[in-house]
Amino acid sequence: MKNGRWYQSVFSAPARIDLRGFIGQYGTALAGLALIAFFLAFAPNFASTANIVNVLKDTSFLAILALGFTLAFTVAELDLSVAEIASLAAVVCGWFVQQKYPPALAVSAALAVGLVLGALNGFGVTVLRVPSLIMTLGTGAIARGFAFMITQGVAFVGRWPTEFTGLARGTSFGVPNLVLWLAAVTAATLALVKCTRTGAHMLATGEAEEAARLAGIATARMKRIGLLLAGLLSAVTAVLLAANLSSAAPNMAGDYLLYAIAAVLLGMTVFEPGRPNIPGTVFAALVLKVLGNGLVLLGAQYYVQDIVLGVIIITSVAFSASALKKAAFKV
Amino acid sequence: MTPLLSLRGIGKSYGAVVAVRDVDLDVFAGEVVALCGDNGAGKSSLIKVISGAEDASSGTMHLRGVKVVFASPHDALAQGVATIYQDLALAPRLSIAQNVFMGSELTRTLGLPFLRVLDKRRMEAESRRYLAQLSVGVTDMRRPVERLSGGQRQAVAISRALRWNAEIIVMDEPTAALGVKETAQVLDLIRALKAGGRTILLISHNMRDVVALADRVVIMGAGRKYVDRPLGDLTADDLTHLIMAGNGRAG
Chain A
1 MKNGRWYQSV FSAPARIDLR GFIGQYGTAL AGLALIAFFL AFAPNFASTA
51 NIVNVLKDTS FLAILALGFT LAFTVAELDL SVAEIASLAA VVCGWFVQQK
101 YPPALAVSAA LAVGLVLGAL NGFGVTVLRV PSLIMTLGTG AIARGFAFMI
151 TQGVAFVGRW PTEFTGLARG TSFGVPNLVL WLAAVTAATL ALVKCTRTGA
201 HMLATGEAEE AARLAGIATA RMKRIGLLLA GLLSAVTAVL LAANLSSAAP
251 NMAGDYLLYA IAAVLLGMTV FEPGRPNIPG TVFAALVLKV LGNGLVLLGA
301 QYYVQDIVLG VIIITSVAFS ASALKKAAFK V
Chain B
1001 MTPLLSLRGI GKSYGAVVAV RDVDLDVFAG EVVALCGDNG AGKSSLIKVI
1051 SGAEDASSGT MHLRGVKVVF ASPHDALAQG VATIYQDLAL APRLSIAQNV
1101 FMGSELTRTL GLPFLRVLDK RRMEAESRRY LAQLSVGVTD MRRPVERLSG
1151 GQRQAVAISR ALRWNAEIIV MDEPTAALGV KETAQVLDLI RALKAGGRTI
1201 LLISHNMRDV VALADRVVIM GAGRKYVDRP LGDLTADDLT HLIMAGNGRA
1251 G
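Here the protein sequences come in this chain order: A and B. Be aware that the first sequence starts at 1, since it is given in my numbering, and climbs by one per residue. Be aware that the second sequence starts at 1001, since it is given in my numbering, and climbs by one per residue.
It is worth saying that the hints were derived from the structure and are not from the lab. No incorrect hints appear here.
These stretches of chain B come out as covered by chain A in the derived footprint (C-beta under 8 Å, 3 or more residues):
(1) 1068-1075
(2) 1090-1097
(3) 1103-1109
(4) 1112-1124
Non-contacting residues of chain B with respect to chain A, defined by C-beta distances greater than 12 Å in every case (computed):
(5) S1149
(6) L1187
(7) D1228
(8) A1236
Not the full set, but computed from the structure, chain A residues with beta-carbon under 7 Å of chain B:
(9) E207
(10) A208
(11) G216
Just so it is clear, CB atoms sit at the ideal spot from N, CA and C, and this is done for glycine as well.
Sequences are here, hints too, so could you generate the full structure?
Rendered as structure tokens:
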């Protein structure tokens, strides 16, 4: 068979095994695996079931939020509002639960918040033509303001119904529900980007907007879809965070922004180098959480994580040169 | 014989600047028409009107005898007029198949009518067929376009026109920025298109390309058409002189 040999789909370079290409594509994955092996060997309790489940659950929040960022980045737009949208959606969800409304209503309200703010980002970027970097910073500030207004700065905490908290805390078929949510979101986003026309149009828009427009693709609509889905996934993260903690605070997801960006950028150095990609984001989220957890177990000070995070963000962008990077970071 | 494409009195102004003045042009099925002229002659503006990128300020356009107004390049493409731009309008990091089918992907159903997924296998097979028609020996349709030579990229851009079954292919400076070997490849591509019955409107500064390919030559200067004749035994030097003469007229 002349075409479609197994390694042609695995390696981008056709018809020969190329060491540099291999390292370019899988270097980060190998480094991540080496990191896990290192902590398995040296970090006390790292390998305990409780710790691994903990890391996986923690990864789920980050990965789902970062997948939203990935979809926005796929259409070459930055969404810096994902964490603040998540905080506001969590607070809205928490308010409904606190007021004893049915959990389904609370979840719907949270998702509506994500969709409305995601749509606002899309409107600002495509209709008002505000660069996404600025538009989403603005939306994030608005969301933060509303979150503090609703809570008056105090977190909603209480004994919330298990049908709500069970969304995040329970297990199904022996697997933590959070991990199942992550699997479902990963599968859905992967199917969207890889198997549908909309996904193909989003990719083309992100890769070469002018070429996509000339080919008849509604590029502005694709950008609105990317930003809308980023808002939606922020809200999904918010519901899971609130359910897991039985509480909702106005700044509860704030810390996740930098981690989400790091996950997407680090993810761009693996699997499909230079391009935001879904398996890369999920894998990078796991690596970041393993790193944080392992450092804590090794007794590192709390500030070490921030330093490491900064280094990861800068080096991943430095090493993944791409036209998309230039396009997205323009103001 | 009805011309495939017919322009009457086409004009294009940008504010006070008149780029194209009162151009009549007939293009017949199966011929290669070369559109020549110095910089600023109005070729690009005329092409933008034909490709649907811009509206004409005056005049009418008929396709197969029917009056048409193209709302966008995609509208023109859907009606059978494909324009291959100088920068080729490709996404360099996407695959050959993704580029050929950009904006018009093939799908198949997954049992239910609303569950449609991309039919990657069919898109790859058809892309391979288009490239084979153009005698381009690339078989891996998943290869990113950035890893192709200039001539092969041109073939990918042309394959997109074939995918739309475009009758008229407008090529804007297809050999600019190409080396000698790749230029020869592109000339072969254009001959293959002609042999396949396509009609080609070729914009070129390279008079040797024009002599090698064109059936008819149209020369513009200062926004007007002033030569429209069969190539006959004109040489590259003759064409250059005609263009220079047009510049004199413009001045």
